[in-house]
Amino acid sequence: MITLEHVSKTYGGFTAVDDVSFTALPGRVTGFLGPNGAGKSTSMRIMVGLTHADHGTATIGGHKYADIPNPGRHVGVLLDASAQHAGRTGREVLALSALTMGLPESRVDEMLALVGLSDSEAKRRVRNYSLGMRQRLGIANALMADPSVLILDEPANGLDPAGIHWMRSLLRSYAERGGTVLLSSHLLHEVEMIADEMVLIGRGRIVAQGTKAELLHTHGTFVRAEHPQKLAAALAEADIKASPSGDGGLRAECDPIDIGRVAAAAGVVLAELRPAEGAGLEELFLELTADDARETVTTEGVQL
Amino acid sequence: MTATTYAELDLTGTTRPPMSRLVKVELRKMVDTRAGMWLLITIAAVTVLATTIFGLAGHDQDRTFYNFMQFAGAPQGVLLPVLGILLVTQEWSQRTAMVTFTLEPRRSRTLAAKVYAALLLGLAAFVVAVGVATLATVVFGGTDPWRNLGGIDFAKFAILQFSGILQGLAFGLLFLSSAFAIVLFFVLPTGFSILFNTVPALEDSAPWIDFGTAQGPLGDVGNLSGQEWAQLAITGTAWVILPFLAGLWRMLRAEVK
Chain W
4 MITLEHVSKT YGGFTAVDDV SFTALPGRVT GFLGPNGAGK STSMRIMVGL
54 THADHGTATI GGHKYADIPN PGRHVGVLLD ASAQHAGRTG REVLALSALT
104 MGLPESRVDE MLALVGLSDS EAKRRVRNYS LGMRQRLGIA NALMADPSVL
154 ILDEPANGLD PAGIHWMRSL LRSYAERGGT VLLSSHLLHE VEMIADEMVL
204 IGRGRIVAQG TKAELLHTHG TFVRAEHPQK LAAALAEADI KASPSGDGGL
254 RAECDPIDIG RVAAAAGVVL AELRPAEGAG LEELFLELTA DDARETVTTE
304 GVQL
Chain L
4 MTATTYAELD LTGTTRPPMS RLVKVELRKM VDTRAGMWLL ITIAAVTVLA
54 TTIFGLAGHD QDRTFYNFMQ FAGAPQGVLL PVLGILLVTQ EWSQRTAMVT
104 FTLEPRRSRT LAAKVYAALL LGLAAFVVAV GVATLATVVF GGTDPWRNLG
154 GIDFAKFAIL QFSGILQGLA FGLLFLSSAF AIVLFFVLPT GFSILFNTVP
204 ALEDSAPWID FGTAQGPLGD VGNLSGQEWA QLAITGTAWV ILPFLAGLWR
254 MLRAEVK
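These protein sequence lines map, in sequence, to chains W and L. If you're matching positions, the first sequence starts at 4 in the numbering used here and goes up one per residue. If you're matching positions, the second sequence starts at 4 in the numbering used here and goes up one per residue.
There may be inaccurate statements among the hints.
As the list claims (entries may be wrong) - In silico negatives: residues of chain L with every beta carbon more than 10 Å from chain W:
id : residue
1  : E11
2  : A38
3  : T45
4  : M101
5  : F104
6  : L126
7  : F183
8  : P192
9  : S208
10 : W211
11 : E258
Unchecked claim - Ranges between beta-carbon positions, derived for each pair:
id : chain 1 : residue 1 : chain 2 : residue 2 : range
12 : L       : L248      : W       : P72       : 22 to 28 Å
13 : W       : R127      : L       : L205      : 50 to 56 Å
14 : W       : R127      : L       : S23       : 28 to 34 Å
15 : W       : G65       : L       : R19       : 17 to 23 Å
16 : L       : G219      : W       : L117      : 37 to 43 Å
17 : W       : N39       : L       : G219      : 54 to 60 Å
18 : L       : V49       : W       : R180      : 54 to 60 Å
19 : L       : L152      : W       : P72       : 48 to 54 Å
20 : L       : S23       : W       : S123      : 30 to 36 Å
21 : W       : G15       : L       : G16       : 55 to 61 Å
22 : W       : S123      : L       : M22       : 32 to 38 Å
Everything labelled a hint here was simulated from the structure, so no lab data went into it. These figures come from a predicted structure and were not determined experimentally. For each residue, glycine too, the CB sits at the ideal point set by N, CA and C.
All chains, please: the whole structure from these sequences, using the hints.
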């Protein structure tokens with residue numbers, strides 16, 4: 004279990020992490036989701052003590068990370084696959100970790116096999132590795148001691164589709180055996196596919212958290228009219244908030260029948276009227292981080 | 004991992020990695036890259052080369068064990084500090100500190116392991132230098148080559164070697180950058196000697212301020228005077244111990260990313 008309570012970190016005047024609290028539970032894969040620079044990596048560094056928080060506490064299984072003896076045995080960490088000595092061979096990188104943690108050298112071969120790095124690849128120096136290979140090496144490093152908690156920052160970065168599939172099943176089986184898995188990503192689809200729980204962060208703040216089902220559950224109505232402007236005007240007059248939602252339709256935060264009444268009263272012909280389906284994480288994500296995103300994105304796509 | 008849930012981590016049965024293991028890891032880090040390996044090979048090769056050249060070219064009455072030891076030590080005095088610097092800074096320039104400090108979050112333990120590793124490497128260099136000097140004396144030795152030799156000479160030589168590698172370590176900690184630490188390590192003493200040589204008023208105070216000047220008597224025959232020991236202690240504090248403490252403070256607090 005990973006617990007963050009009111010964690011904050013500022014750099015000069017810039018607040019990177021702002022009062023962040025959440026829990027990643029055992030037996031679950033928790034997705035830590037947010038746009039670039041939202042504070043995911045800083046939060047993860049705070050969890051393992053590489054960055055000191057200004058306020059708040061971060062514990063892993065009830066302990067501060069620094070108080071865990073030989074923490075690699077309990078917590079598998081991959082924060083940056085590129086943070087490896089370019090001049091060491093992949094095998095040597097793992098061998099150093101195995102030696103530090105007191106694991107037999109045979110474990111290195113097992114891990115290389117697990118992440119699919121061949122003998123000749125393991126003998127190459129890390130400088131000649133692709134990002135995907137570094138990522139596999141980093142995952143091997145994190146899994147080496149068979150820890151019960153995994154903290155992975157953007158682990159799918161650079162992996163090919165087969166690699167992503169492999170990692171997904173690997174992490175899934177880890178959680179099923181009771182492990183705690185926290186992984187971050189800025190790619191929604193990736194997290195949607197694998198995570199049971201989700202924590203969404205934008206500009207240092209948690210903007211939403213819960214199970215995937217909870218977050219995807221939406222209420223509201225989708226409506227498409229013959230004359231969208233006329234409907235929009237009628238809804239505005241009736242004080243119903245509606246926003247454009249693909250295909251010239253509108254999404255409103257009310258029940259379908261309310262829209263029907265307004266349309267009937269205004270004499271607007273409707274082409275479609277139904278409860279809005281699960282808007283998908285993407286819409287939710289864009290909506291929640293709209294103020295924080297670097298690009299202005301509308302749910303209708305890029306306006307040309 | 005068994006099929007239970009882990010709200011709490013059960014830490015019984017896990018112990019910290021013993022210091023001996025951390026030292027082993029640090030020593031291994033010095034030899035498992037081409038750069039590190041070649042630095043060690045270079046140190047050994049230059050040691051042999053310097054003594055051989057002196058053995059072939061030196062005057063008969065100069066070819067004593069004592070002088071051979073000086074010649075073996077001179078190139079080491081330049082390269083050992085670089086070793087000390089790299090021991091620390093490669094973790095930052097190659098960003099491996101992220102893994103190192105994740106596996107041992109008590110950073111002071113990792114640093115202690117680096118200090119021990121540095122001392123062991125210094126000891127190895129000392130043994131090699133003495134060994135090479137002995138061999139050179141047997142092969143090239145002039146008239147009465149073992150004359151004027153006392154235990155104090157070995158002690159002075161050891162102080163020179165160990166202070167160099169520790170000063171390198173301290174500079175590495177202070178600057179956390181290979182290039183910066185190496186350049187300053189060599190530029191500062193040169194700058195000081197230019198300063199002391201051009202400003203006559205400062206010349207007398209040089210051994211009280213400049214570590215290099217205070218180390219000078221370590222290369223002379225015989226024991227140091229009380230004043231010279233004092234100068235060595237004061238400049239050593241200023242140039243090795245204080246930078247080390249400042250660097251320690253910096254490394255313990257630094258954000259690792």
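(message) Run through the hints listed earlier and report the numbers of any the structure violates, in increasing order.
(response) 1, 2, 4, 5, 11, 16, 21
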